[in-house]
Amino acid sequence: MIPFVGGDFFVNPGRLGIIEQVVAASAKKISIMDYTIKIGGEAGQGIQTIGDTLAKVFARSGYHVFSHQDYESRVRGGHNFYQIRFSEYPVMSSRSGVDILIALDKASIDLHRGQLNASGMIVYDSSSLKSKYEDAGFLEIPLAALAGQHGSPVMSNTAAIGGTLGMLGMQIGPLLDALEQNFRSKGADVVEKNQSVARAGYEYASINCPDCPFILAEPGKPLYLVRGEEAVGLGALAGGCRFYSAYPMTPSTGIMDYLAEKSKEYPVVVEQAEDEISAINMILGAAYAGVRSMTGTSGGGFSLMVEGLALAGMTETPAVICLGMRPGPATGFPTRTEQGELLFALFAGHGEFPRVVFAPGDPMQAIMLTARALDIANKYQIPAIILTDQHLMDSEWTFESMSLEGTHHTDYRLRGEELADVHDYRRYALTESGVSPFAVPGASENLVVEDSDEHDQDGHIVEDAETRNEMVRKRTIKKLQLIRNEIAPPLLYGSRDPNVILIGWGSTYGVIREVIDRLSPEENIAMMHFSQLSPFPDLEREGHLQLLNQAAIAICIENNATGQLAGLIRAETGFQLSARINKYDGRCFLLDDLLEEINDHLERLHGAGSRVVPGMR
Amino acid sequence: MIPFVGGDFFVNPGRLGIIEQVVAASAKKISIMDYTIKIGGEAGQGIQTIGDTLAKVFARSGYHVFSHQDYESRVRGGHNFYQIRFSEYPVMSSRSGVDILIALDKASIDLHRGQLNASGMIVYDSSSLKSKYEDAGFLEIPLAALAGQHGSPVMSNTAAIGGTLGMLGMQIGPLLDALEQNFRSKGADVVEKNQSVARAGYEYASINCPDCPFILAEPGKPLYLVRGEEAVGLGALAGGCRFYSAYPMTPSTGIMDYLAEKSKEYPVVVEQAEDEISAINMILGAAYAGVRSMTGTSGGGFSLMVEGLALAGMTETPAVICLGMRPGPATGFPTRTEQGELLFALFAGHGEFPRVVFAPGDPMQAIMLTARALDIANKYQIPAIILTDQHLMDSEWTFESMSLEGTHHTDYRLRGEELADVHDYRRYALTESGVSPFAVPGASENLVVEDSDEHDQDGHIVEDAETRNEMVRKRTIKKLQLIRNEIAPPLLYGSRDPNVILIGWGSTYGVIREVIDRLSPEENIAMMHFSQLSPFPDLEREGHLQLLNQAAIAICIENNATGQLAGLIRAETGFQLSARINKYDGRCFLLDDLLEEINDHLERLHGAGSRVVPGMR
Amino acid sequence: MTTLKDYMGQVPAWCPGCGNFAIRRAIGEALIELGLEPWQIIVVSGIGQAAKLPHYIKCNTFNGLHGRALPVATGIRIANNRIPVICETGDGDCYGEGGNHLMHAIRRNVNVNVFVHDNQIYGLTKGQASPTSMAGMVTKVQPNGVIAEMFNPIAMAIALDCSFVARSSCTDAEHLKSMFVQAINHPGFALVDILQPCITFNKLNTWQWYQERVYRIEEDYDPEDKVRAFERSLEWGERIPIGIIYGNKRPILEDTIPNIRQKPLIDQPFDRSRVEEFISEFL
Amino acid sequence: MTTLKDYMGQVPAWCPGCGNFAIRRAIGEALIELGLEPWQIIVVSGIGQAAKLPHYIKCNTFNGLHGRALPVATGIRIANNRIPVICETGDGDCYGEGGNHLMHAIRRNVNVNVFVHDNQIYGLTKGQASPTSMAGMVTKVQPNGVIAEMFNPIAMAIALDCSFVARSSCTDAEHLKSMFVQAINHPGFALVDILQPCITFNKLNTWQWYQERVYRIEEDYDPEDKVRAFERSLEWGERIPIGIIYGNKRPILEDTIPNIRQKPLIDQPFDRSRVEEFISEFL
Ligand SMILES: Cc1ncc(C[n+]2csc(CCOP(=O)(O)OP(=O)(O)O)c2C)c(N)n1
Ligand SMILES: Cc1ncc(C[n+]2csc(CCOP(=O)(O)OP(=O)(O)O)c2C)c(N)n1
Ligand code: SF4
Ligand code: SF4
Ligand SMILES: [Mg+2]
Ligand SMILES: [Mg+2]
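Residue numbers (our numbering), protein chains in the order written: chain A, 1 to 617; chain B, 1 to 617; chain C, 1 to 283; chain D, 1 to 283.
Hints are not guaranteed to be accurate.
[Stated by the list, open to error] Here are a few chain A residues that sit away from chain C, every Cβ distance over 12 Å (derived from the structure):
hint, residue
1, Ala59
2, Phe138
3, Ala144
4, Glu192
5, Ile280
6, Glu307
7, Gly308
8, Pro441
9, Asp458
10, Ile487
11, Leu547
12, Thr573
13, Arg580
[What the hints assert, rightly or not] So the derived label-pair ranges between C-beta atoms look like this:
hint, chain 1, residue 1, chain 2, residue 2, range
14, A, Arg611, B, Ala429, 51 to 59 Å
15, C, Trp236, B, Lys132, 22 to 30 Å
16, D, Ser280, B, Lys132, 39 to 47 Å
17, D, Ser280, B, Glu597, 35 to 43 Å
18, A, Gly543, B, Arg611, 51 to 59 Å
19, D, Met134, C, Asp220, 52 to 60 Å
20, C, Arg82, D, Asn144, 19 to 27 Å
21, C, Glu174, D, Met134, 41 to 49 Å
22, B, Pro153, A, Glu466, 32 to 40 Å
23, B, Asp538, A, Gly543, 29 to 37 Å
24, B, Asp538, D, Asp255, 34 to 42 Å
25, B, Glu432, A, Ser401, 55 to 63 Å
In short, the hints are calculated from the structure, not lab data. Here the structure is a predicted model, which is why all the values come from computation and not from measurement. All C-beta atoms in this analysis are idealised placements derived from N, C-alpha and C, irrespective of residue type, glycine included.
Make the full structure from the sequences, and use the hints.
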């Protein structure tokens, strides 16, 4: 069994080069660096600063990073953590074992010490935890004291970061650079103080942790470090988005933050709406006026946007909505993750109209698919939904290269001179394709009339059956056919002729892919990952359905309780998946746990004793 | 082939006796009375008064009636019509041919004269139409003049009603009674004047239409005449609804009108909300406080309620929503009909939670299923949706008997002494079934805490994975299993061993049933009608799936463009229907048109020349 | 020269005798007076009898959802702050379903002109109470009469510091036109509440009822005195003032957004290289 | 006797030092003063830091959706008009997402007490501008500072003829309690806007900022004079009055619904025979 990468089946843009590396490493079965650092503490203790800085330092040092965040819906207190995994090869999921636990409070120790790997270490400061641990595996660093001595008492997190690098035996240079960048705006004094505190932590750990067991790979070329929410924001800009209106809602707020920040130097306008209903209607207004627009929200806000979604459908106004899922129903777990709204996104809105639903698997796909959503929405004058979740929004991934190549920006509007030459413009002109020319109002003497009622070609209200039939055929039936052709089939990764197929969609991409890496080539296994869900891809054209039919077992892995993709596949193809793995506790899948579950299935398939020992690490 | 009625497969409550009669008549192949009267004119001309009165008079005379309405979204002008079909046997759909056209304006003649049956008549008043028609088939009645002479010029519609009865050669007594009842509140003078105008019209027509060809069956025992919107209202009351909050929206407003009228004499409170979001949240508040509540709307309003639907799911608060569909998306055709929101109703709301979706086929089912929706919603503390449409809401049906038998009202609340004995009440107590006791707040010292966040058994916010898992299992997985058992399989009507199966849901019930009547026994055919759509009924338990598998052709008939039920059946069973008939012009299926379409399919199936000539009429 | 005829669109589906005809005419006349041609304005509307107006005059139109005209209008103005935008809306549309947007559009002071056809009833849905229906009015849905207090849009707009608050009436065609002209000329959010007879469903607030009560506010009235304006806004009953009740000169939204101050968004071309610059931030 | 301890629920997840603690305490004290036990009231809330309050005191609770507490409270009152209902809500919850419900609940004059924890910021979602954020405040989403005019809930409530309109402040615990007691005692809709420091995100309107400005309104102030009340509602800046700014004695919704005037709906048993009577109407 030769793991299959690239080629006909590998249709999604993005990470081709990286995959080859992983597979190569996997084939060589060499032991490679794969460390996990967990920073635990209360909300407000600065966990995110530590995590962000460490992730950045690793990426700058050329290590691949995957990080994810677990936090509560509160601003102070409670228990949060930030988990960073780094390796010299691409990583794209979190593991259950921890190598370094940075415990900012006692709860972190109680909750997570059990996850420590054999030679793992716990870093803490007894002065703030009011507890001392004498057991092996604990490294006390007097963070507060070091901070007080070398800078200021508020800088103890900087000491922790320095200490961590010291334990790892990394170079401190990249950290000093990062601190300089972080604090530049606060003045040289703050930068310097932070740097000396970092150094103090670093040295303390270097000296006091002689048996810190970490062996680092050679640093390499700096990598790009991208978080999901930033990726959607950048993708929006790449797709030509110039207006973003939204109402704050976790986990989508980061997109608005990103764009608002960019609006200082780039001509994009961000408007915080009074509610989600307003947000979607504002972007429809701007889109009607000729400006590419987008909004973002989570399930509750999306519910409120559903009427506007139908309005986009009826008026044929391009609109892109990023739906960042979190566990529902209702308020649910506001800061956690779930994939519970696939079918809702597919069928939301009253009446029938086509839409595009994309569910990116990683930040690079998020950039590409967000830009593509904007392009398709404007090309066909339809709504498009980016279906993602807290897990991807808050996760960081590294990439060796990054560019906007592969994104397209065509101006589909009829405007300027082209428009001035038109004298009988009709907003809903019946055309062969179903797509009518999209003129900009006010740019010529032509009137641009959009209407939420059933309307004639001019956009005016009608009541007759014939026009209705024509418009349904134009708006829904014909366009759907066209858009179908834009949809790429699911990505296949792994064996070309798999006996076992793991199926997933959206943010489970990374963890499923790593499972494939680990189980190949011992197991004849492949992943089928859906990132383009509506219109549903044709699974027959390129043989996907045949693969499913031929496999001994096809397991659908979803971060929800009811198995929505499994149902959708059956609705669209009649194919009944043989097994499902569902997780609905608000947490993401961890690599090792998922491996276990898959192994259970493999054992049932091949008989006892057939568990595959993961090929590496 | 013996047409099959009743027995094992016939599971829905209701119209058993009637079916037998139709089949008997069908078997005898006797020619039976089947007339269609169409009243056409502008909005505001009183079409509805004429139609309502005629329908009532026919029903009182013991004739079976089916009426439907076709109107525009305006208050004056345009073109509307009201179509009444009556027969001595049950009728449940509209036909394409017209026997009497009451033309209140010229447009009605232009638009509808082509539909006139061979011996049909057009009634008009040249003084108001400013046109005279000399052709055969026209009966001019000087309606305005007769009204002026015998009562008042505003009563010309009464003259038209009288005239119609005169043409038909019916007794005038039931009309005089109806007028007395209609105008009683306006005083004896108005009643008398209307009655003499009616008599004048009646006599004029009797004398001036010697070749009016209509032969009436013997009058019989008065029948109940029920419109869909009233049926939902009555069902709501029968199901114990005591609070109805809604925002006006066609075609659901009639439910609110009915309940508001009843609130004068019955303890139900109707509150017009400021918007649909408020409406659904109000009923959740009332339901939490212990009062059975309901709301109604159409697609746009339902879109706005979707967040509240998820709230009902999360808080486990009983709620019933009547969704009266009209053609979308967005404003669409506000006064017309469509079945475009089946999948939306099934998957609306963020997050995963169980719901019941019922789609009644006739007013009697509407009563029963609305009452049942209230019962199930309260029994399992879940939301329920009555999925109907303008066609059923505005249609009238007749029934020989009418009672609330078959509706249930169990008080599932924990209250009074029962509650007072409880001292450790927990709103979301984990129970074997997943259903927790439902206490009324303020009725005892127990606190009743409901929460839209993920919560513990007491109703307070949590963040942990274990509680989440327990609550998802309780709220979603376990309950779904229970509710599944409450769902009746689709109704089968026709052949026991059909070669051809016609599949439909909701308001197409009547027209499909009549198609079966007409094609049996020449064709081995049956109807499979879905009125309970979520949770999806088990099609294997009672052999429905087997029937589908065995039939040569299974045609899904839907008033939408995309074939939503067909997709749902595939998702749930893997079964791919062989053909679809879709109508999406905002109009209901007419019996004769649908017969034609089915015949086209039969011809393809059996070969040319195999069209079935409908068995009767 | 544009004439009223150039402005007339589809044949209205309103009841003959409806107050909306007067509004349509006055808008046409106002636009002519302002020298605006049909293609130079955008009319946004929600759903209702009022909201059908843009089909009946010639203009660029976005006829959206019930209650949601204002966010659409705001989006349009952000995309293109050179084109005048008018919202045609009803009392149910604007004060009922759309109340929240009204509050916040006023706060933003987006340069949009909102003309509320206030017939004190839900016309299109056949006669339910609207927020401005007077207490006691009996309808099918309110068989015991309206309970809630009549909504006072003028008072509320003043409380929210709306930059242009006027009332007019279908009974005074000249006044209507003049309010429209002044509203459109005013930079900032302009609310014109128009008393509009619904001859079919509102049998209380008829042409005559308005005619008997409505009077033009004094010439020397000072609309910039907020407290006096508030006091005046409470006048309703025997006498009902029409005219500009309140106004101020707050900065408008569009002028405070740096990215559109120089040039409308719609005229700023896309330049991928400027987006590409952001990639280095991830390194 | 019920003591404050009997009222204390879960451990709050608020930031230490947050103004919400003072509100929680004052509510407990007010309920004790009113002689109400936890089971005798219902607290409804939306989503936000404020809206978590019902988890932190003992009471019957419906913690619903962001912005939607008021309709829930209205439904509860219609179902059971014997039980006092309090809404705990934030400035975003009540004036942003939920603005339309506020307008119409005031019009209805439903007997609900709305306590708005007005920290002039979105706390739970980490510091975006709220409707009451002061112009110019810079946040992540408003990098150029807040543009829209600060929402004045007091002025708007007066314009809508709200039957009880008060402002209080976390900096005056005694006053807070007294406003709560008076609001609950008041028959009709009562709005209490509470100035509440958010120590984490609102660095402008701090404890000190409020302390320096807030003063109790004069003892002899007459809250029934609507125009003067409106004038007073405009006072914001150097000095900010707290107290009952406006009040009236309008009839409450619950008393005008005939079917609940005698007996709460919840206490009227279902009797199918009464529904069966309607069947004959179809004959
Ligand atoms: C979301 C939604 N809810 C309800 C409706 C139904 N509806 C259409 S117009 C209208 C009210 C119209 O009243 P108003 O705004 O006063 O306009 P008018 O017809 O009186 O001019 C309603 C309730 C709708 N179209 N959409
Ligand atoms: C429909 C919806 N939109 C957005 C959110 C996210 N959200 C939760 S609380 C909140 C704002 C809270 O602000 P405020 O009401 O002032 O309360 P505070 O936290 O300041 O007390 C937002 C936007 C949500 N839960 N639901
Ligand atoms: S119903 Fe009233 S508002 Fe509507 S068109 Fe007729 S008169 Fe005008
Ligand atoms: S974020 Fe602000 S409002 Fe929220 S708990 Fe902290 S201090 Fe209080
Ligand atoms: Mg109106
Ligand atoms: Mg706040």
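Results of checking the hints against the structure:
1. Against chain C, the non-interface label of Ala59(A) is violated: not every CB pair exceeds 12 Å, the least being about 8 Å.
2. Non-interface status of Phe138(A) relative to chain C is upheld: no Cβ of that chain comes within 12 Å, the nearest being about 35 Å off.
3. A cut-off of 12 Å between C-beta atoms confirms that Ala144(A) is not in contact with chain C; the least separation is 32 Å.
4. For Glu192(A), the non-interface assignment is confirmed: its Cβ lies about 24 Å from the closest Cβ of chain C, beyond the 12 Å cut-off.
5. Residue placement check: Ile280(A) does not keep its beta carbon more than 12 Å from all beta carbons of chain C (closest about 8 Å).
6. Taking the minimum C-beta to C-beta distance to chain C, about 6 Å, the non-interface status of Glu307(A) is violated against the 12 Å cut.
7. In this structure Gly308(A) is not separated from chain C by more than 12 Å, as the shortest Cβ-Cβ distance comes to only about 7 Å.
8. At roughly 4 Å, the least C-beta separation between Pro441(A) and chain C is not larger than 12 Å, which violates its mark as non-interface.
9. Not every Cβ of chain C is farther than 12 Å from the Cβ of Asp458(A); the closest lies at roughly 9 Å, contradicting the non-interface assignment.
10. Every C-beta of chain C lies more than 12 Å from that of Ile487(A), the closest at about 24 Å, which supports listing it as non-interface.
11. The beta carbon of Leu547(A) sits about 35 Å from the closest Cβ of chain C, which is more than 12 Å, so the claim that it is off the interface holds.
12. The Cβ of Thr573(A) sits about 36 Å from the closest Cβ of chain C, beyond the 12 Å cut-off, so the non-interface label holds.
13. No beta-carbon of chain C is positioned within 12 Å of the beta-carbon of Arg580(A); the least distance is around 36 Å.
14. Taking the beta carbon of each, Arg611(A) and Ala429(B) are about 40 Å apart, not inside 51 to 59 Å as hinted.
15. Between Trp236(C) and Lys132(B) the beta carbon distance is about 53 Å. The supplied range of 22 to 30 Å is therefore violated.
16. In this structure the supplied range 39 to 47 Å holds for Ser280(D) paired with Lys132(B), their Cβ-Cβ distance being about 46 Å.
17. For the pair Ser280(D) and Glu597(B), the beta carbons lie near 40 Å from each other, so the given range of 35 to 43 Å is met.
18. Range check, Gly543(A) to Arg611(B): about 43 Å between beta-carbon atoms, so the 51 to 59 Å window is missed.
19. At roughly 35 Å, the beta carbons of Met134(D) and Asp220(C) sit outside the given window of 52 to 60 Å.
20. At roughly 21 Å, the beta carbons of Arg82(C) and Asn144(D) sit within the given window of 19 to 27 Å.
21. For the pair Glu174(C) and Met134(D), the beta carbons lie near 42 Å from each other, so the given range of 41 to 49 Å is met.
22. Range check, Pro153(B) to Glu466(A): about 38 Å between beta-carbon atoms, so the 32 to 40 Å window is met.
23. In this structure the hint that Asp538(B) and Gly543(A) lie 29 to 37 Å apart at CB holds, the actual value being about 34 Å.
24. Take Asp538(B) and Asp255(D): their Cβ atoms lie about 51 Å apart, and the range 34 to 42 Å is violated.
25. Under the hint 55 to 63 Å, the C-beta atoms of Glu432(B) and Ser401(A), about 57 Å apart, fit the expected range.
In this structure, the hints that do not hold are numbers 1, 5, 6, 7, 8, 9, 14, 15, 18, 19 and 24, in rising order.
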